[in-house]
Amino acid sequence: QTIDAMDAWEDLTELGCHLTELPVEPHLGKMVLCAVVLKCLDPILTIACILAYRDPFVLPTLASQKRAAMACRKCFAAGTFSDHMALLRAFQAWQKACFEGWERGFCEKNFLSQATMEIIVGMRTQLLGQLRASGFVRTRGGSDIRDVNTNSENWAVVKAALVAGMYPNLVHVDRGRMVLTGPKEKKVRFHPTSILSLPQDKKV
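When we follow the working numbering, the leftmost residue of the sequence shown carries the number 155, and every step to the right adds one.
Quick caveat, the hints were computed from the structure, so don't treat them as lab data.
Where hints are given, some of them may not hold.
Cross-link-like lysine-lysine pairs, in silico, BS3-like; alpha carbons within 30 Å at most [claimed, not checked]:
{"no.": "1", "residue 1": "K228", "residue 2": "K193"}
{"no.": "2", "residue 1": "K220", "residue 2": "K341"}
{"no.": "3", "residue 1": "K340", "residue 2": "K228"}
{"no.": "4", "residue 1": "K228", "residue 2": "K341"}
{"no.": "5", "residue 1": "K313", "residue 2": "K228"}
{"no.": "6", "residue 1": "K250", "residue 2": "K228"}
{"no.": "7", "residue 1": "K220", "residue 2": "K313"}
Cβ pair distances, simulated, as ranges [what the hints assert, rightly or not]:
{"no.": "8", "residue 1": "A217", "residue 2": "F253", "range": "29 to 37 Å"}
{"no.": "9", "residue 1": "H345", "residue 2": "W256", "range": "28 to 36 Å"}
{"no.": "10", "residue 1": "T347", "residue 2": "A206", "range": "31 to 39 Å"}
These numbers were taken from a predicted model, which means no experiment stands behind them.
Each residue gets a CB set at the ideal place from its N, CA and C atoms; glycine is no exception.
Using the sequences and the accompanying hints, generate a full structural model.
Given below as structure tokens:
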């Protein structure tokens, strides 16, 4: 009910019916459908599939390599302080490396799992296929794919789709007290591998 997939009688809503057809968790499915409406499908497809499967970044055991791996992750974030942006840009850069024929070397250099990337590609293809089968993306002509990606380069729009999908699992930032609170006023902390896991004065 919190994502409008069921009504007060716990019957599936129209949104709920559509979500049952998608091969991802309901909140990720809602994120993808919002991306279709907001015309930023491609980046959200990537992010949703990564969240549904696993983080492609590999965390080394050696301390020096851990620092290098975190540096790579932060570099992909491109100053946005966004883990989602880091995941998206890493995947896009890997796709470019695939086109250029050095994807395995790219993964080794940037502490990424080649196997995970390949699985994410398959998941993207499956999810896009289901969107086409359900009529959300028309099957004929490249113009239809371009239409649902009109805003794919607009990070503000992409973030809107992310927030719509993640609701109500969102965090409130109290800049005055430097405190993060999640649903039901529960205090939360960043994961150690997060882009946001920085010294306190740089977090918020």
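Hints versus structure:
For a cut-off of 30 Å, the pair hint linking K228 to K193 stands: about 27 Å separates their Cα positions. At roughly 27 Å between alpha-carbon atoms, K220 and K341 fall within 30 Å of each other, so this suggested pair holds. Taking the CA atoms of K340 and K228, the gap is near 27 Å; set against the 30 Å cutoff, the hint holds. Our distance criterion of 30 Å between C-alpha atoms is met by K228 and K341, whose separation comes to about 25 Å.
Proximity of K313 to K228 is assessed by CA-CA distance (about 18 Å); at most 30 Å being required, the pair is judged to hold. Distance check on the hinted pair: K250 and K228 sit about 19 Å apart at the alpha-carbon level, within 30 Å; holds. In summary, the hint linking K220 to K313 is supported, as the alpha carbons are separated by about 28 Å, within the 30 Å threshold. The beta-carbon spacing between A217 and F253, approximately 34 Å, falls within the hinted interval of 29 to 37 Å.
Separated by about 30 Å at the C-beta atoms, H345 and W256 satisfy the suggested range of 28 to 36 Å. Checked against the hint of 31 to 39 Å, the C-beta distance between T347 and A206 comes to roughly 18 Å, which is inconsistent with it.
Taken one by one, the earlier hints fail for this structure only at number 10.
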